[in-house]
Amino acid sequence: MGSNMAENHPVGFQWVMEARERGARIFHVDPRFTRTSAMCTDWIRIRAGSDIAFLGGVVNYILGHERWFDEYVKHYTNAPVIIDEEFQDTEDLDGFFSGWDPEKGKYDVSTWQYAGMEAHGAAGQREEGFEPTKGEGSGHGGHSGGLEHGEPPEEDPTLQHPRCVFQLLKKHFARYTPELVAETCGCSVEQFVDYCEAICEASGRERTGAFCYAVGWTQHTVGVQYIRTATIIQQLLGNIGRPGGGILALRGHASIQGSTDIPTLYNILPGYLPMPHTETYGDFESYMEANTSPTGFWGNFKSYWVSLMKAYFGEHATPRNDWLFKHLPRIDDDNSAYWTALQMLDGTVKGYIIAGENPAVGNTNSRLHRLALAKLDWLVVRDVVEIESASFWYDSPEIESGELVTGDIATEVFFLPAAAHTEKDGSFTNTQRLLQFHWQATEPKGDCRSDLWFYFHLGRLIKQKLADSEEERDTLIKALRWDYPTHSAIQEPDAESVLQEVSGREVETGVFLDGYTSLKDDGSTLCGCWIYSGCFKDGINQTARKKPLWEQDYVAAEWAWAWPDNRRLLYNRASADPDGKPWSERKKYVWWDAEKGEWTGLDTPDFEKDKEPGYVPPDDAEAQDAIAGDHPFIMQADGRAWLFVPHGLEDGPLPTHYEPQESPFENSLYSQRANPRRQQFERPENPYAAPGSEVYPYVATTYRLTEHHTAGGMTRTVPYLSELQPAMFCEVSPELAKETGLEHGGWATIYSARTAIEARVLVTDRIPPLEVQGRRVHQIGLPYHWGTRGLTTGDAANDLDHIALDPNVHIQESKAFSVGIVPGRRPRGPALPRFVEELRKRAG
Amino acid sequence: MLDSYGTEAQERVGFFTDTSVCIGCKACEVACKEWNLVPEDGLVWTGESYDNTSELGANTWRHVAFVEQNEPLHGDREVDALRWLMSSDVCKHCTHAACLDVCPTGSLFRTEFGTVVVQEDICNGCGYCVPACPFGVIDKRHLPRRDAPALPLITKQEDGRVWKCTLCYDRLKGGHEPACAKACPTESIQFGPLDDLRERADERLAKLQAEDWNGARLYGRDPDDGVGGFGAFFLLLDEPEVYGLPPDPVVTTRDLPGMYRSAAIAAGAVVLGVVAAFVGGSR
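Chains V and E supply the protein sequences, listed in that same order. Per this note's numbering, the very first residue in the first sequence carries number 1; after that it's consecutive. Per this note's numbering, the very first residue in the second sequence carries number 1; after that it's consecutive.
Simulated from the structure, these hints should not be mistaken for laboratory data. Because the structure is a prediction, the values reported are computed rather than measured. Beta carbons: idealized from backbone N, C-alpha and C, even for Gly. Check the hints yourself; a few may be wrong.
Which bits of chain E does chain V cover? Going by a derived footprint, with three or more residues having C-beta under 8 Å, they are [said to hold, decoys possible]: (1) 24 to 34; (2) 40 to 46; (3) 49 to 59; (4) 70 to 83.
Given these sequences and hints, build the entire structure.
Quick look at the structure:
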């Protein structure tokens with residue numbers, strides 16, 4: 001669900017095909033019948049934006065038919081934990097949880113906590129200035145929980161207490177019946193029940209099942225909660241930490257996983273360590289206290305953090321200067337990409353560097369981004385070709401319509417050609433957390449340079465310029481270790497030397513570290529990313545290992561290197577029962593060897609090697625020592641998977657079905673229509689269509705094709721790919737074509753409250769209309785690869801979409817929004833904005 | 001078939017394209033063009049499902065067909081009965097190859113691997129092979145020539161020579177599998193000794209039939225068919241015509257010996273008649 005795996009992840013999809021060949025049932029639940037659906041045993045059509053209703057229906061089915069994996073649920077999840085008596089559910093408050101503050105538009109999460117815990121308080125969203133309480137404050141998997149030792153204060157192992165998580169879950173999803181699912185999603189009751197049965201069968205001691213998702217789940221105003229719903233299903237079925245189980249986040253690019261681990265994100269440092277905030281963590285002590293969990297592996301936060309500072313600043317970072325904490329940059333707001341674009345539009349952000357991104361095509365409401373770029377003083381674009389984000393000032397729909405005039409744009413644009421992956425050494429981190437090293441095949445041509453080259457030499461020059469600076473603000477630049485060896489005529493930095501620093505060493509001896517358990521909080525180790533520690537163990541580039549699978553074991557442990565500790569399956573302690581025995585012979589993976597007194601198995605155990613299954617933590621235990629021997633989820637403060645999330649999420653401890661920002665329908669369950677906590681930006685450049693608008697009656701969804709990559713910079717310029725998908729098109733059903741007069745092979749104009757685009761018409765049964773809430777709704781499919789540059793050009797689908805974001809991760813809602821469609825090409829020149837304006841007026 | 005190669009003869013190799021696992025990614029088309037330097041030949045959006053390549057030709061040696069049908073993949077389910085057939089087509093490397101029979105220059109030849117290949121430095125662009133192919137595979141390139149002409153015969157701008165799949169003859173010589181098979185992520189395109197592939201295909205067909213796949217059949221596997229069996233054969237999920245393939249291809253030169261015989265007899269009769277007329281007339 002939420003993914004088109006065959007088209008967008010064809011190499012990984014070979015394993016899905018293998019599973020099908022071995023008799024697995026593969027379901028594709030999607031608005032369109034895609035190349036993925038064609039390969040699956042079953043396809044279920046649903047309305048874009050209705051997945052939580054669907055998955056919530058599965059949760060209800062599991063609970064209603066007593067199909068959960070009882071032992072797993074009782075021991076490994078927080079199902080028995082009793083929640084604060086003040087907690088109220090969306091069922092009680094018609095679409096809101098307790099703690100909603102209508103003025104701030106945010107939740108106070110204190111009533112979502114475990115009952116009997118002393119520390120209540122807000123969590124997450126450090127950037128917006130909440131004051132975190134002890135042991136809280138991370139959006140990442142429960143750094144903590146405010147637990148004094150690993151156990152929640154109040155539990156009911158029988159799962160009968162009305163306020164235990166299990167009962168709350170039951171109540172929360174009780175109305176998500178197959179009939180409601182069918183009515184909301186547009187699938188049939190029979191198909192849905194068949195799906196539920198198949199899912200339930202992939203559970204228990206002998207069997208497992210997996211979910212594969214991609215941005216079809218993420219890109220919604222309630223995107224994080226889509227994935228949360230799947231985690232609930234997989235916890236109930238006992239499908240986490242076991243072979244063949246899991247929730248697989250399919251990545252849209254070879255190293256998207258890598259770019260969150262060692263982030264290009266604004267709010268985290270490498271290894272998911274929170275970025276300091278202007279208000280939240282004023283000083284070193286409060287930063288440490290807020291992020292160091294008393295229990296679980298996040299109890300070692302300081303070791304990870306100090307080792308990072310030693311990697312950055314070497315001998316300049318000392319305990320006496322708090323490892324230079326006070327000089328670190330701070331975030332002070334949302335600071336995400338969309339927020340930044342709005343600040344450009346307002347004139348407060350003056351300069352911008354774009355690398356590996358094409359917001360003028362790839363970001364929603366692309367028009368707004370182009371207008372924003374035109375307000376900058378300077379813009380640097382580093383890419384392999386001159387993308388639309390670099391050419392907006394002379395070649396864009398706004399130049400054509402006269403809304404922008406080249407001579408009036410003051411932005412100074414610097415285009416710096418980038419080297420392709422074949423022209424540099426480096427590693428990719430894939431969706432399985434596998435770091436795979438690749439070597440340069442050919443020298444970059446002309447002025448093309450790798451990112452590593454660019455940032456290294458930029459840093460070197462800045463350091464040179466500031467060498468004599470007395471300014472306090474330049475302390476960090478001056479302190480930065482920046483001594484990577486270079487080679488070749490262009491002085492390319494040695495990529496392996498960077499990987500060595502990422503992996504970590506002892507400061508004194510330079511000896512390579514074995515892994516993150518060797519990290520120290522006293523400054524005696526350096527490590528650029530704690531989760532990657534050990535990837536250069538023994539001085540060997542572990543990520544460059546390429547032993548074929550037929551020469552090694554079941555998990556292919558000697559192919560590349562997986563973080564952390566070359567562990568191929570996270571939380572794999574859960575593949576054994578509470579006593580440490582495999583759940584079954586067929587599904588054995590990691591188990592307790594009583595004779596040797598250690599965990600062993602097919603993979604690196606994700607548990608302390610000698611911690612017995614019967615281990616009970618003493619009262620004064622800290623960090624991982626506070627996690628019991630039968631609690632596999634060692635990064636959590638209580639060692640369990642969370643069915644109910646007491647903190648870390650902005651929009652609720654349980655997922656709830658909400659309609660998208662723009663939708664033709666009311667919420668079937670609550671009078672609260674959409675996610676109340678979503679981020680909206682109502683302004684003239686970003687108008688929203690009113691719910692149920694008759695001017696924009698259809699559900700649009702955007703997607704990729706196998707033949708192109710994201711915003712097209714890397715593929716619309718390649719002849720062999722361009723000829724395979726040479727034009728922007730839209731997919732519509734024969735019924736919609738008839739209703740609106742569209743002709744197959746002709747042109748269509750598709751319009752939203754933002755603008756209008758044109759596309760060729762592909763009439764196909766693969767995007768059928770649906771019956772939702774007793775009426776028929778049509779969906780329109782829009783690939784989003786095109787722009788004004790390259791061999792094949794066309795209008796950008798993202799021009800149509802709005803900016804409304806998920807509150808947890810600030811991602812846009814690309815997968816469901818409202819449009820209208822008419823036959824023929826769109827108006828040109830100034831007639832285009834007039835056309836859009838007239839429609840907006842008609843919509844009111 | 002390969003007797004003339006003596007000790008250099010190799011085991012006959014080919015492709016088994018199993019369309020039941022083809023995901024329509026077109027990696028074969030791209031890999032083929034990349035490896036063989038086949039030119040891009042037009043950015044034309046066809047509206048034929050996701051197929052913007054349309055057919056095999058001088059500039060397309062692998063072509064993935066996309067067929068949308070309102071039928072179930074398995075059994076007789078009616079709800080949302082849709083299937084999307086995808087199949088990567090290629091030169092069949094026929095056992096009895098008419099293109100090779102009619103080539104006057106010897107440019108087309110059978111390799112030591114049993115495959116059929118055009119030698120571009122010998123082809124004079126006569127085009128006899130084009131109508132000879134029962135599948136419409138081989139084709140003249142109507143694009144500007146890229147390299148200097150090997151022969152002074154063709155000096156105009158247009159290439160004019162015929163081109164088709166070589167089953168990556170150069171890669172085979174180097175001990176590698178063809179580019180398309182190498183790139184295929186799901187092993188839809190399988191390369192190997194033809195006898196092995198036929199065995200594998202038989203097993204595969206039996207499995208699909210046991211699993212109730214609709215329309216599963218082998219196409220071109222049979223050595224007794226009209227072209228003596230394909231060197232590159234297929235597992236299809238419907239009639240060959242659905243994929244744009246001829247249902248019962250016959251080597252177009254099959255009747256040539258007979259035709260020559262008939263022509264010789266007719267010519268002889270004419271000669272005899274004329275002689276008789278003269279002889280008779282002299283009386």
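So, going through the hints one by one against the coordinates:
| no. | hint | verdict |
| --- | --- | --- |
| 1 | 24 to 34 | holds (count 8) |
| 2 | 40 to 46 | holds (count 6) |
| 3 | 49 to 59 | holds (count 4) |
| 4 | 70 to 83 | holds (count 7) |
Comparing the model with each numbered hint stated earlier shows that all of them hold.
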